[in-house]
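Residue numbers (the numbering used here), protein chains in the order written: chain Z, -17 to 164; chain V, -7 to 297; chain H, 161 to 598.
Rather than coming from a laboratory, the hints here were simulated on the basis of the structure. It is possible that part of the hints are untrue.
[Claimed, not checked] Pairs of lysine-lysine, BS3-like flavour, derived with a Cα cap of 30 Å: (1) V:Lys239 / V:Lys229; (2) V:Lys77 / V:Lys188; (3) V:Lys37 / H:Lys596; (4) V:Lys247 / H:Lys596; (5) V:Lys118 / H:Lys596; (6) Z:Lys1 / H:Lys431; (7) H:Lys596 / V:Lys240; (8) V:Lys120 / H:Lys431; (9) V:Lys4 / H:Lys596; (10) V:Lys120 / V:Lys258; (11) H:Lys431 / V:Lys188; (12) V:Lys33 / H:Lys431; (13) V:Lys214 / V:Lys118.
[As the list claims (entries may be wrong)] Chain V stretches covered by chain H per the calculated footprint, using a threshold of three residues with CB under 8 Å from any CB of chain H: (14) 9 to 17; (15) 163 to 176.
Every residue gets a Cβ at the ideal spot worked out from N, C-alpha and C, and that includes glycine.
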Amino acid sequence: MAGHSSAVAAHSGNNAFLKIVERLSTLAGWASAAMIVIAVAITCQMIVVRFVLNGSTVWQTEAVIYLVIASTLIGLPYVQRLRGHVNVDLIPISLSPGPRFILAILTLFLSILIVLVMVFYGWEYWAVAWDRGWRSDTVWGVRLWIPYLAIPVGFTLLLLQLIADFVALILCIDKPFGLEDV
Amino acid sequence: AELRLSHQWSSKDVRHKVAQIVADEVAAANVDLKIKIFGSKSLFKPREQYRPLSRGFLDMSVLPLSYAGGQRPQYNLTLMPGLVKNHDHAARLSESPFMKDLEKIMAEDDVMVLVHGYLAGGFVGKDKCITKPEDVKGLQTRAAGKSFEQMLAGAGASIASMASSEIYNAMQTGVLNAANTSSSSFVSYRIYEQVKCYTPASDLALWFMYQPLLMNKTSFEKLNEDQQKALLAASKKAQAYYLEEAKKQDAASEKVFRDAGVEIAKMSQADFDAWRELAKKTSYKAFVDEVSDGQQLLDKALAVE
Amino acid sequence: MDPLFLGGLVAIATILVLFSGVSVALGLLIVSAGFLLTFDGFRSLELMPEILFGKLDNFALLSIPMFIIMGSSIASTRAGADLYEALERWLTRVPGGLVVSNLGACALFAAMSGSSPATCAAIGKMGIPEMRKRGYPDGVAAGSIAAGGTLGILIPPSVTMIVYGIATETSIGRLFLAGVVPGLLLVGLFMVWSLYSTWRSGDASRLSAGSYTWAQRFEILPRVVPFLLIILGVLYAMYGGIATPSETAAVGALMCLLVAMIIYKLWHPSKIWIVLRDSTKESVMILFIIAAAGVFSYMLSSLFITQSIAEWIGTLDVNRWVLMGAVNIFLLIAGFFLPPVAVILMAAPILLPIITTAGFDPIWFAVVLTINMEIGLISPPVGLNLYVINGIAPDISLKTILTGSLPFVACMVLAIILLCLFPSLATWLPDIVMGKAI
Ligand code: NA
Ligand code: NA
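Input sequences plus hints: build the corresponding full structure.
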């Protein structure tokens, strides 16, 4: 069967580091889900204020946008842990264990590299917004370092999860690409 | 050398034409300078252009300066109700000490102005005409710009924030009763199909937005003398065109609405004064409270005859 | 370097990177970073987080997690089974009635869910085992659910329509309406095929279940009422002046969560967490692809590839239908390998100018594109619905599912042809409800 249906959530074994990362990623998953629920609530509140009370809705749209962005970015490590990020595993599946292991190392290495770029420049971007006191150009005028914080935090947590995946792969706690059935 | 210019408008828009004139003139000058235009927000989203511009990732951009009002609150004065009376006044404002002050602030971000230009806008009402503050009381209103939201809220309107592309649907389904934006946006989003009355910018207008062609200063300084000269000459020509076209936009939009059977309303001097009094108490006040040198800058702007 | 040649390089690099098995979103970021680094200089990497954030900075995206929550909250109850059972009780006398009921249930469920995998899961969990128990071949059982599930993105609400609306600045309300008639057409075609194939196989009598009394038939109707209320409520909020389409999604999500909790007694925190976990997993995956595809399209635009391809195709003097045929083949191939949102975000900026210049309606094109994406959902190597079927019935082989869904793919191709012949199938309803196109 092609597809990640055969790929299961990452294993942690008895490794302390892997267990800590697992907790962090799960916590991030809860936070991500909670933010979506809050976004639902705020949107419904906005409709009530506007439609029933005919009042002003100044901050809701913006708040909801930032919540959805934060939910996405903070949710990254959790979905990585659940192996929920879709991939094309046609070739990994058709490879024998040896080459598959090497390919898994290579793709994880590339993933870690690109996420490192996002983490580094993500923190830098956040720091600029903080330093210069940037705000959004609306009446609400949110201090932008708050929503921007989701970039470095989300990608740093994703980086940790990817490193954990890498470690688990090297220590043979986890199978390459999470493919269990060969 | 090649320069990259970004903007958010279609190739039919006056602001694209301004950019195109500069690009064509510079090319014709034969100074080994090419301007590549990335229109229709194909490179950066509208509100995301200022930061890459100030860091030199982008060489040039036509953009409403107030989009960067969150980074430089002084820029909010470039979309302030009642500050500009008409297009000729806008042109004088562009040459005033007030604009020199803004350009100093831009220079701190490594940004300079090549072409000055203001565009005007008006109001539409789904069920009635909007000319004076009392008209918007209790209406769900979408305003373009922070200061306008503050002023309209002060007039008792309910503020609904949404993208300008959502105005049409929101008007159609009745989520929105009134809106305020630029003449060209009203036309390009076909708002005339959904409203009863249009108050266009005319001899008196409330809504003026400063939308210059900006350039990264370092990029400019890197050019040789001939290239700089060619660029400045092209910009001068484009600026004259921009002013003429800006005036035509309002009348053209009025005609489109009239032809679509929409009632056209005019603001009287008394209406304008009433809005401005309201703006002083709401948006001007909020601006002065927010910006440390705000009062001084506002006075300079108001001093322009 | 010539932008068209560069475009070829990007295509090759993207295929290589994605086939290595790296996740689609990270793969797109890797390719983007590689080309930006090589052709725009080291500093351009600095822009990546800011562009990624900017691509997500859009209120309309809110509706993606919301429409997914609608689907997954209802899917976690026995609601899917109720829907399908109700249809089944009314359709027992029809040969192949069970397949038809399942397809009907998929269509109804699609009206509550914006995503195809959710639709597939909701109906398939009950439908597939039941069909196999009653003697339907594995291929028919799995294939019909895989195909029926794809209706999730054609019948409104639809995640792909939202993404298309954002990418092309077309009205999401209008796009939703455009999917209704083609969606029904597709359900119709699916059903006709199922009836025909059951009749042809000659064992229709064996496949029909015991008959139900009228009392049994009416008894189940009240269990369908909550869905009808949700669907009507969402429609009323969207087109009745209460909220914009993006906001309506939140109303739908809230209603579905409440229905699940109150009517289906899903109030145990661990069960609610499962709903939220599943929706978070799917929506984070989709939104991350959207963000990464945004960075990818920035790279294409920055290297002037998008513009050059559009210009180049503009200079080709070909018949517009030849062009449309080529576009469809391109979409089909892209759909084999990539999830719908990635295809739409990467292809829309290039294709839309070409399509509109050739005189095609962008709303109509959205429907054609969506049906193409539906085919991709049930074809390997990346077929989101195939994963779901595999989760429900791991013992059915991929080959059996594919053979079973092949006739339905033929129905989809037929639907595309019908849409080309009669474009008003897509544009008629939006024009009636919202006035002529703007
Ligand atoms: Na749907
Ligand atoms: Na596929």
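Quick rundown of the hints versus the structure:
no.	hint	verdict
1	V:Lys239 / V:Lys229	16 Å, holds
2	V:Lys77 / V:Lys188	25 Å, holds
3	V:Lys37 / H:Lys596	29 Å, holds
4	V:Lys247 / H:Lys596	21 Å, holds
5	V:Lys118 / H:Lys596	19 Å, holds
6	Z:Lys1 / H:Lys431	24 Å, holds
7	H:Lys596 / V:Lys240	28 Å, holds
8	V:Lys120 / H:Lys431	51 Å, violated
9	V:Lys4 / H:Lys596	23 Å, holds
10	V:Lys120 / V:Lys258	13 Å, holds
11	H:Lys431 / V:Lys188	51 Å, violated
12	V:Lys33 / H:Lys431	44 Å, violated
13	V:Lys214 / V:Lys118	51 Å, violated
14	9 to 17	violated (count 0)
15	163 to 176	holds (count 4)
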